[in-house]
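> So you can see what is in the structure, the chains are spelled out below.
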Amino acid sequence: MLSYVLRRLAILALSLLLASVVLFVLLRLLPGDPASALLGVGASPEQIASAQAQVGSNLPLGEQFVRFLAKLARLDLGRSFVSTLPVGPEIAARLTVTIPLTLLAFALALIIAVPLGIIAAVKSDRWYGAAISSVSQLGIAVPVFWVGILLVTVFAVQLRLFPSGGFPRRGWDAPIEVLHALVLPVLTIAIVMSSSLIRYVRSATLDVLGSDYLRTSRALGATFSGAMLRHGVRNGSVPVISILGIELATTFLGAVVVERVFTLPGLGSMLLLGIQQRDYPNVQGVLFVSTLLVLLIGFLADFVQRLVDPRLRDKISGAAQ
Amino acid sequence: MSTARDGGSVSAAAGRKRSPTLIVGLILVGIHVAVALLTLVWTPYEPSDTSGSRLEAPSWEHPAGTDRLGRDLLTQIMIGSRIALAVGSGAIGIGALIGVTFGLLAAFATRLLDDALAALLDILIAFPTLLLAMLVVAAQGGASLGSAVLALGIAISAIVARLTRIVSKRVLSQDYITASRTSGTSWPAVVFRHVLPNIWPTLVVNFALQFGLAVIAEASLSYLGLGTPPPNASWGRLLLEAQGTVLTAPVGAIAPGIALVMLVLGMNFVADGLRDVGDPTRRRTR
Amino acid sequence: MTERKSRYAIFHIPALAALIMFVFAPSIFASGSPEAGGQTVNPATNYDPNATIRIGSLYEPQNLDNTAGAGQGVTEAFNGNVYEGLFRLADSGAVEKLLATDYSVSDDGLTYTFQLRRDVKFHSGDPLTAQDVKYSIERVMAPDSKSSRKSSLNPIAGIQTPDEHTVVVKLSSRSVSLPYNLTYVWIVNDSAKNLTTSEDGTGPYRLDQWRRGSTLSLVRNDEYWGDAPTNKEVVFHYFTDATALNNALLTGAIDIITSVQSPDSLRQFTDNPNFTVKDGHSTTKEVLAFNDRVKPFNNVKVRKAVSQAIDDKKLLNSIWGDYGTLIGSFVPPTDPWYEDLTDVNAYDPEHAKQLLAEAGYPDGFTFTLDTPNYDPHPVVAQFVKSELAKVGITVNINIITANEWYTKIYQAHNFEATLQEHVNDRDIVFYGDPDFYWGYDNQQVNELIASAEQSKTPEERNQKLEKANRIIAEEAASDWLYLYPQIVISSSTVTGYPVNGLNSQFYAYNIKKAPEA
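Protein chains in written order, with the numbering used here: chain V, 1 to 321; chain S, 322 to 607; chain B, 608 to 1124.
I should point out that these hints are in silico values taken from the structure, not numbers from a laboratory. Virtual Cβ for every residue (Gly too), placed ideally from N, Cα, C. Mixed in with the good hints there might be a few duds.
As the list claims (entries may be wrong) - The following label-pair restraints were derived from C-beta to C-beta distances:
| id | chain 1 | residue 1 | chain 2 | residue 2 | range |
| --- | --- | --- | --- | --- | --- |
| 1 | S | L517 | V | R215 | 33 to 39 Å |
| 2 | B | T720 | V | R74 | 49 to 55 Å |
| 3 | S | L517 | V | F299 | 32 to 38 Å |
| 4 | V | L29 | B | T773 | 50 to 56 Å |
| 5 | V | W127 | S | P384 | 31 to 37 Å |
| 6 | V | R74 | B | G833 | 25 to 31 Å |
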């Protein structure tokens, strides 16, 4: 077990390093520079040249990368070119928005999707089983920002039940206010995510339903629900867990559209703005942190899968696919 | 776990079930294709014609009303079909080309290389399509139909590559492949004669699903201002422009969304239908 | 299993219909506008001196130092609120003394002597001295300053501080607008550090917190030298999306929107007693800029033809409805040298065709219009395209990002024509600089503009600039499509805010908010 964990950590670290190199190079290939984000109309050519020099974008690429790595080793993600605010603390502040948003949406989606997905599979011959399947089909065909717009219009603007957007100024010092503000965004993400998850759960459950071990278990006298609980869930959950991991991981940054609809200062918005302004330290910092999160989640998902399915523990390392 | 038999011929004979889902899907998609083709020769108004009064409610002259600049909304929505189909097909095309190639290569690669590729693919896939698209759009210097298609194509290729790799490996592990090789078939011939025909059904289902996702992704990109710019606006752009007037002029905020849902739903039905009809690697249930 | 499922595939259509109805049913029954307030509220007389004013804006500062970036966001939040200058630009456009209590000018116009206000303290507690003023002015003029006002201070040759409360500014040439230019120079404590992320000014507010991407809050400075603000706290809420901004005002999450960007949403506010809509004078001009260096736009007749072929009134109306103003030149009505030149190149497509023929383009020509991808430019571009098509000119619209505009057009001058909005006031000087991106180079205009600043009196300056402006208009150096309106909307519980968007300033210290009911 220990050697497995260590090996995975090593792969994690290597992946991160590889990702950093790729990111670093890719960003420098983008046309444009942050100087133009800072200056406006009326700036003289001298001012432009001076701004470009300041930003350090005229140092050789290799040297820039070495400096970046050195700072990274000290856990210093540098300072934004545009705002000069330190990148690390800003990411931390944004994570206090993004992580709760994502986790709450994920939790809600799970609560909705797992039971409904199982019902849709087990009762696929009843009208309600098919209805669940139909609605989930609809849910994955809808763009998430549209759902957000409609929810805001009805529940915030018309009915005044929730704020139309924004993250409360005092942040988590006022948790009730924050949760109130997060209701609609969380709902928006959960609606789309749960539709997608329902389909996966349903598909996995159908696979389980048709499986040999379930039939065997029942033949040996177990009740349907007993067999499901003892064997079905464990077996069915393995592929679902890796899907869950991917869904969760992509939502951290993918929530940028929801952040736009609800004006939430999350990680995705920081990345979008950074890209538009060519603010390399910000972009690098966000991508680094999110890659870390993604790899961690993948690691966790893998781990949970092994816990659930003893057969996987025997497999030599590699994707559980 | 799965039971792929030879070449797919068994499933072809046994699996030709009628699938109403497939039919409904094809009808929905077909409507959009017909509209898109129509717009190539005719639209109710010129797309840039701003002669209507702004934010009109639906009327005989403007069946879907007008947008905030006086342009006929029905025209805009129809053109949206064309854009959506173009984006979807383009992205799938690029994705398929790159993805299948890399997936096949990975399937044939040595263990180490394969593991590395698998890890790389996992990272790429976990990276949200949208953000990948943003980077590509930024690299291209700005929003355009081409940059959106390229970006989405790249994102799709990762998923296609991973799927191709998995199903190819499954096929390659079959006995008849070894048998084929022993009797002297070259690797390229194996690929074309055995691997591709076997993996194709699974891939096509995946393509159909990705199509819908690409259309939605382009809509999201447009909402962020990074998608197809006006004129010839995509549905996402129309929704962005209409969001300020949802209550005063609801049609503009609903109709493009419905059109989009119709197309994506249709494509999803096609995917499901194809899967029901003939995918030999999918386990049948009782 | 397939067959069972298929029976219910038909479910999807009704499901979709049900979803739509569910979503919109409430709106059928709910009233379109919020309930009317009921009691009459007059915040002008009955206000809460410890209120928190919540202001909604689309312009977040890039950073907190106006010499480290030229954005309008930090001007909006900090000018007059956190930082003050020797002079202040009032909402009416008048230049008033602020930290300078008095000043005198030598006869040759090359020496200005300013007397500083006494007993003024910075937020850190340090007293305001002449050294701080010298430091502040020199910061704007420094080689690495990114301030957009830097070039206007070029005539300054040296600054002396004979005593703690006197500042002597020596010029190399006359500069009759110096007091005006000094309204943008923030007086900063010369021992302050990290001015991009913190502040040390003399203003009626100090910075409380900047949560990037979300809010910037200011809190009343109780040691302020002047009249206390009529509120305790000011919070700027930043949005990236105009609809979200409007919704925030509608739902009461904010009290004021500083500058409305889309007229369609105005309907929700104009007939609503809960809100006040004020329409002031802006200085933002929508310009169709030709590259005056290249064919065919180096030909005056061609430029005039294009200007006359576009119906500006119709364009303005289709974007802004009844709001906004038509302009015939780059000079907005609030500039001292404004003249109404709208009939110089008035809409006349027939005459436009004639001019084109005279210029040697009887069958028109084709050009590429580089268009920024954000509102309203794509819409304006389409309008321009359809108007010019009527006189035989083909326009290829090329959508670009703000970044690209800056590098390709502003720096590299690599374009034929482009669209852009110009926000500042008093920026006619751009037409006197042949190296400016549009490359207009008229000897007479250059001389007039250069010598205008060196006039002995403001009146003389105004005359020269009016003359120069007329030439610029006659030669259609650019096509000035319209002047943005300056629409400020507030909840009716709030008064005392500025209504003219002079260079994005937003003085918050007179804003009064009625007590919470």
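> Determine for every hint whether it applies to the structure shown.
Structure-based check of each hint:
no.: 1; hint: L517(S) - R215(V): 33 to 39 Å; verdict: holds, 35 Å
no.: 2; hint: T720(B) - R74(V): 49 to 55 Å; verdict: holds, 51 Å
no.: 3; hint: L517(S) - F299(V): 32 to 38 Å; verdict: holds, 34 Å
no.: 4; hint: L29(V) - T773(B): 50 to 56 Å; verdict: holds, 55 Å
no.: 5; hint: W127(V) - P384(S): 31 to 37 Å; verdict: holds, 35 Å
no.: 6; hint: R74(V) - G833(B): 25 to 31 Å; verdict: violated, 46 Å
Checked against the numbered hints given earlier, the structure breaks only hint 6 and satisfies all the rest.
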